[in-house]
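Chemist: Since the structure of chain A is provided, determine the placement of chain B on it from the hints.
Chains A and B supply the protein sequences, listed in that same order.
Residue numbers for the first sequence follow our numbering, so the first one is 1 and each next one is one higher.
Residue numbers for the second sequence follow our numbering, so the first one is 1 and each next one is one higher.
Derived from the structure by calculation, the hints contain no laboratory data.
There may be inaccurate statements among the hints.
As the list claims (entries may be wrong) - With a Cα cut of at most 16 angstroms, we get these calculated EDC-like pairs of lysine to aspartate or glutamate:
(1) K100/A with E396/B
(2) K100/A with E126/A
(3) K230/A with E286/A
(4) K296/B with E283/B
(5) K100/A with E399/B
(6) K322/A with D623/A
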Amino acid sequence: MSDVNDTEVQETPVVVKTTLSITVDGRAHEAEPGQLLIDACEDAGSYVPRFCYHPRMEPVGMCRQCLVEVEGPRGPMMVVSCMTPVAEGQVARTETPSVKRAQEGVLELLLANHPLDCPVCDKGGECPLQDQAFSHGPGESRFVEEKRHYEKPIPISDLVFLDRERCILCDRCTRFADEVAGDPLISFTQRGNNTQVNTFPDEPFASYFSGNTVQICPVGALTAKPYRFKARPWDLEQRESTCTTCSVGCRTVIQSSRDELLRYQGSDSDAVNWGWLCDKGRFNFENVNSEDRLEQPLMHDGSNLVPVAWSQASAAVAEALKTGTAAILGGARGTNEDAFAWARLADALGIEMRDPQLSDGLPAEVFGLPSASIEEAANATTIIVIAPDLKEELPVLYLRLRDAAEKRRSRILEFTAVSTGLTKYSWKSVPTEPGLQASVVRNTLGEAAVREQLSKGNVVVVVGRASLAESADHTVAALSAVLAEVPGAKVLPVVRRGNVRGAIAAGLGSNSNATEILTAAAAGKLDTLVLLGADPIADFPDTDLARRAISAVRNVISLDTFLTESTARASVVLPASAYGEKEGTTTNLEGRVTSVAQKVTARGTSRADWMVAVDIASRLNVDLGFDSVESIQRAMIATSVFAPMADGGANTREGVLIDQPATALPAVSATAGTHSSYDLRLVVSRRMYDQGASTTHSPSLVGLAQRNVLRVNSADLARIGVASGTSVRATSSKASVSVTVEADDSVGRGVAHLTFNAPGINAGDLIDVNASVNDIKVETL
Amino acid sequence: MSDHTTADYSLGGQVPTGPKILTSRWESADGHTYDGYVRTGGYTALRKALTTMSPAQVHDEVKASEMQGRGGAGFPAGTKWGFLPADVHPRYLVINGDESEPGTYKDRLLMEKDPHQLIEGIIIACYAFGAAQAFLYVRGEMALAQERLAQALNDAYANNLVGKRICGTDFSVDITLTWGAGAYIVGEETALIESLEGERGMPRLKPPFFPASKGLYMQPTIVNNVETLSNLPYIVNQGGTSFKDLGGATSSGMRIFAVSGHVNKPGVFEVPNGITTFRMLFEAPEYCGGVRANRKVKAFIPGGASAMWFFDEHLDLPLDKPTVDQAGSMLGSGAIVVMDETTDMVKACWRVVRFFARESCGKCTPCREGTTWLERILHRILTGNGRREDLDLLFEVSESISPGLAWPPRQTTICPLGPSAVSPIASAVNRFRNEFEHYIEHGRAIAGVEYVPMHAGSSHGAHAHV
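Isolated chain A (complex conformation) (with noise of 0.2 angstroms):
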């Protein structure tokens, strides 16, 4: 509505109307154009039972259990309400007697063959089959023939079971396998009554994203190792929270009995998730009930980490803290709150080092340039990749821009070493070398093809750091070349750790970055290295520089919920409190501000980050001026960033977006010279299972990270005159390893590629931090 001044002409306003008027069992309703008829009568107060059926799919018609009718020219004709798009005038009716007959029927032939296992089957009481056979069903079965038989269940991948008796072929896995997730490795087999799903000989349902087949499942066929025989759906309690295993922030409700962690469900949150959840993020939890985990305090007694009290632990930390030079590492793993009530207690001791991450992500300045949310990036015309793997690191990131591709609402562009999951899915995919991203970003661009898809529409850049083993300044100039050619693009970073853009917005961010606090701390120029859940000898790219620095440091602090090899080398570790066990935010990558909630106690004494901050300040006299989750909240909600918490919007499935403030890109002299013919460049990249704690730590989860090799394109293997398979002796300027090298042509010409943290041989000793690219050199034993 326009502002119209009462002395101007006053004109009949002319409504145009954006709804479609339909009548269903005889109530009039307003429906959304493009809506389909099943979900407009449900707005309507109608609710039609249905199995296959699903908002984030393709609708199919096939369970045929959504049959109402609609008044046509001829009568009254039964449709499949999930196929039917509504119309204006259209005149639905749910429950005439046909209807009723109709749907009775299915429902009777669904029941035919699925066993009555319901007391025994972990959907009973959560089963929409069982649900809808009260409210929908004809009460009894006449069925009195012998049922299908099937060997029950068979393992279909490493986590997930079919029980092909349970099924009813509502084809939602297998739609979702190859729709959403595009692994189609789960398909029909057989036809008529002996229909069922499996999947190819030999090749398990192993995709990343198997967990959601279970969630959709409208019946108990599917179901996830974790939660097997775990729980009946009536004793769960849950609250909705939101999963922090990387950057994407899934919005997700996590359950649990009896004060333990039992499943993770994914929400459907339009901006983000959509309901999805990787493999990782659902099943992950079970760390947080390892035996493993830190219960108490431990300080180092000379030889041995020894269980102490709190009081003496947060003692001898402030003790620590009081005196000489400190740094902070890490803050990225917890909350909003956390982050925020470290940085505070830094401001308040002087400590000018920190950094969230471990010079494996972005600059901050990132942050602070024009950002994209995930919905924009997902729609916009072209979306420019300059990241990581988004499928190993961002999975369900990946999910929606392969959707964006896939429903051909954007194109993207991608430069990469070595080719990633949305390569496939890629309008072009323009194959770099580290060191060499600028200038082949710089002439992609000036392609005659390439501006002009720029010129159709809106530019997102999803930037991302592609290699530990290169300098992060490539990044930056390739990412500063896209911005020089294209500058309304929006950028969208992606960085690893679940809340790196919320500590960095609290303040735990520094002039000083991971690798210089590393090499002072190496050099002897610090005496306190405080680890905020980071251990930099795992995760720092140069695990030698790592190793030096905590070796050097006097007083290492350790606040983790695992012990680690940084954390055996703690003079303090302090146990702390992981997911699920405390409540706050956390901020994703877009700078979205969700609710983190606490379902189960915390394990043994450990105590929430924010915890020990307000502790040790008190310790030292310090006054944070809060002590509690609320009073965080309402401290941060007092600096400029936060402030759009304001309104309470956190709490909420979609939460609020929160900007830092504009900044530039640092100037960049990112350059590195062509390698030498006798050398190949590293690439040294993460996969969704490694050794990280979360995935170590759960037992679901832990074999599925697999040995490290060296992948090299087979040209050049051919090239250095080495069978795929056989080990090789790599050698960069840091180290020699004997490694398994594997040819592999989705690794470019002239790479090398290794996996970050995997079992088998060690990237880390073979990155030297400062050097602008890793080059090695691959010879036979």
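Modeler: This is chain B only, laid out in the frame that chain A set:
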């Protein structure tokens, strides 16, 4: 209009005759070869169409012929072609050679005995509606048909009758020969399209898309039956009106019927469409030559296993689509199965239902679960374990597949396969309830019926009588 329209429908009346337009080369030893085809006037229609007629003129002749599609639904071919959206290319012709209904074997013989006639028809159709690519989908089991079509295609390509710049004109079309893996359901046009695309052969839902607007690879697609296309050379050469005059007022042209079951000479017969009666077909010496051992007809299926059954009171109906529709069944794909008075109706019913249960694709619930349930109830009755309530249950389950058990059937299913399994039950149980009750009471058939397998004298043993 032919003078046959006033013919007496009793056997005593004159059995109408007409030219062999589809089966003219079946008796000839080399009718299936290129030389044999060309020697008998083959490919003259194609040259005539390409060099003297516009595509619209060809289409007009087909419309004038009023030819009903011979695949089963009987929809006028010329009208179907008119559903293609203008100026959307590429568009495809898909030829449905997946004839698989029990008792249906006319298309197989057309492909085996006169493959060039089909190819000529395909090119003419493509010319008429502007397709540059045709896909000829042949049922998996038809080895001889596949072999002969492949040879015929090679010869046609070699003689510039298929491929680039056909007969030196600007018109080009390619025909891709492909075959299925033996599933009845891919005879349904959208399942056939799925199969062609390399997917599991399962029907698509119509709506939202119909093949004519979005079919193969989501492009406009016409799916035509083998017999339908085989008529085109005649229509082009002789004109649509001349074709129309061969048949009755509401059924134009000649038509092939495949008769199997308890007749003396089962086989495939080309008869004037719409004016020959069932009795004539069964009794006339030039056709089936009477029911075996002079027995009475107990029941017959007039148009494929999915049709409602007919009985002796229907014998004098003409083989005319509107007439048969009106009488509560269909001519379908022209497969007629005759059962004499010694037939065990319970077993016959079970055999037909079992076919549909086994051929259900499994996509939608009512067909997947319902057809099997029906088959198992019938099998239980046959094996002496029937219960009194089973007959009602048969109808109840049928009702869940085909509400109201109406004709033409309504359906809760995606495609007509599910309701097809209901037809034999609705027919046999209603008419011969006593036989079902006898099984339930006594665990065996009534006196005087013996079990005769349905395929006896059917496609495998049959010869073409033309």
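Chemist: Given the hint that K100/A pairs with E126/A, does the C-alpha gap stay at or below 16 angstroms?
Modeler: The hint is violated at about 23 angstroms.
Chemist: Just to be careful, I want the Cα atoms of K322/A and D623/A compared with a cutoff of 16 angstroms; is the pair within it?
Modeler: At roughly 15 angstroms apart (the allowed maximum being 16 angstroms), D623/A and K322/A satisfy the hint.
Chemist: Between K100/A and E396/B, is the straight-line Cα distance small enough, at 16 angstroms or below?
Modeler: 14 angstroms, holds
Chemist: Take a quick look at whether K230/A and E286/A sit within 16 angstroms of each other, Cα to Cα.
Modeler: 12 angstroms, holds
Chemist: Holds or violated: K296/B with E283/B, Cα cutoff 16 angstroms?
Modeler: It holds: about 11 angstroms lies between the C-alpha atoms, which stays within 16 angstroms.
Chemist: Given the hint that K100/A pairs with E399/B, does the C-alpha gap stay at or below 16 angstroms?
Modeler: The given pair, whose Cα atoms are some 12 angstroms apart, holds under the 16 angstroms limit.
This entry does not satisfy hint 2, going by the numbered hints stated previously; all others are met.
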